[in-house]
Amino acid sequence: DFFPTHSPFASLPLSILTSNCGIVYLRTNPLDQFITDWQFIPRLRDLEPSRIDEAFERACCGIQSFGPIWEHYFLFFIFLKYEDPKRDLTFCVKRLADFLGCSFSEGEEANGVIGEISKLCSFDNIKGLEATKFGKQPDGTRNFSLL
1 DFFPTHSPFA SLPLSILTSN CGIVYLRTNP LDQFITDWQF IPRLRDLEPS
51 RIDEAFERAC CGIQSFGPIW EHYFLFFIFL KYEDPKRDLT FCVKRLADFL
101 GCSFSEGEEA NGVIGEISKL CSFDNIKGLE ATKFGKQPDG TRNFSLL
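The C-terminal residue of the sequence shown carries number 147 in the UniProt record's numbering, and the numbering is unbroken.
Because the hints were derived from the structure by calculation, they are not lab data. Every residue, glycine too, gets a C-beta built ideally from N, C-alpha and C. Check each hint, because a few of them may be wrong.
Said to hold, decoys possible - EDC-like, lysine to aspartate or glutamate: derived pairs with alpha carbons at most 16 Å apart: (1) Lys94 to Asp124; (2) Lys119 to Glu109; (3) Lys94 to Glu108; (4) Lys81 to Asp32; (5) Lys94 to Asp84; (6) Lys119 to Asp139; (7) Lys86 to Asp124; (8) Lys127 to Glu108; (9) Lys94 to Glu109.
Said to hold, decoys possible - Derived DEER-like restraints, expressed as beta-carbon distance ranges: (10) Pro49 to Cys21: 33 to 43 Å; (11) Cys61 to Leu129: 29 to 39 Å; (12) Gly62 to Gly140: 50 to 60 Å; (13) Leu26 to Gly62: 20 to 30 Å; (14) Lys127 to Cys61: 31 to 41 Å; (15) Gly22 to Arg58: 29 to 39 Å; (16) Glu54 to Ala97: 16 to 26 Å; (17) Thr90 to Gly22: 15 to 25 Å; (18) Leu44 to Ser105: 37 to 47 Å; (19) Asp32 to Ala10: 34 to 44 Å; (20) Cys61 to Asp84: 21 to 31 Å.
With these hints in hand, go ahead and build the complete structure from the sequences.
What follows is the structure, encoded as structure tokens:
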């Protein structure tokens, strides 16, 4: 089972935090995230955008929607940047399988299992799923607005 969310680690339900499940945190470059938050969050909440220098100062002080980046970007055992799967999804699928303790066998690799999983997990495929188009985040934001 998977629990897809944009929530930071500390905001996850206690049942997930105390379980033995592996947690995968796919993050964007902090600068890209800052610009996205600066431009996108005010539109979600119908707020006036702030000046970029003010927004940057708040981000550096950890005053932003997810709190200080250093408190949730670096808590994990596997670290994938948003750009990694775009560059080499197959490598990321293999790395993730190893992290979860489900490494692929030589036979699975030879039979193209990793490639098939990579196709299913591709951004293009995920963007086409019904849940992605019509689902909602816990705060009510519709999923399609995040793509």
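Results for each hint:
Taken as a hint, the Lys94 and Asp124 pair is broken in the structure, with Cα atoms around 19 Å apart against an allowance of 16 Å. Of the pairs offered as hints, the one joining Lys119 and Glu109 holds, with about 14 Å between alpha carbons and a cut-off of 16 Å not exceeded. Using a Cα cut-off of 16 Å, the hinted pair Lys94 and Glu108 holds, with the two alpha carbons roughly 11 Å apart. Only pairs whose Cα atoms come within 16 Å are accepted, and Lys81 paired with Asp32 is accepted, the gap being roughly 12 Å.
A hinted pair counts as satisfied when its Cα atoms are at most 16 Å apart, and Lys94 with Asp84 qualifies at roughly 12 Å. About 30 Å separates the Cα atoms of Lys119 and Asp139, which puts this hinted pair outside 16 Å; it is violated. At most 16 Å may separate the alpha-carbon atoms for a hinted pair to count; Lys86 and Asp124 meet this at roughly 10 Å. At roughly 26 Å between alpha-carbon atoms, Lys127 and Glu108 are farther apart than 16 Å, so this suggested pair is violated.
Of the pairs offered as hints, the one joining Lys94 and Glu109 holds, with about 10 Å between alpha carbons and a cut-off of 16 Å not exceeded. A beta carbon spacing of about 38 Å between Pro49 and Cys21 agrees with the range 33 to 43 Å that was offered as a hint. Our hint of 29 to 39 Å for Cys61 and Leu129 holds, since their Cβ atoms are close to 37 Å apart. In this structure the supplied range 50 to 60 Å is violated for Gly62 paired with Gly140, their Cβ-Cβ distance being about 25 Å.
A hinted range of 20 to 30 Å holds for the C-beta pair Leu26 and Gly62, which are about 21 Å apart. Distance hint for Lys127 and Cys61: a CB-CB separation of about 34 Å, consistent with the stated range 31 to 41 Å. As the Cβ distance of Gly22 to Arg58 is approximately 32 Å, the hint placing it in 29 to 39 Å holds. Remark: the range hint 16 to 26 Å for Glu54 to Ala97 is contradicted by a beta-carbon distance near 43 Å.
Checked against the hint of 15 to 25 Å, the pair Thr90 and Gly22 passes, with Cβ atoms roughly 19 Å apart. In this structure the supplied range 37 to 47 Å holds for Leu44 paired with Ser105, their Cβ-Cβ distance being about 45 Å. Hint check: Asp32 to Ala10, Cβ distance near 22 Å, so the stated range 34 to 44 Å is violated. Restraint check, Cys61 to Asp84: a C-beta distance of roughly 29 Å satisfies the suggested window 21 to 31 Å.
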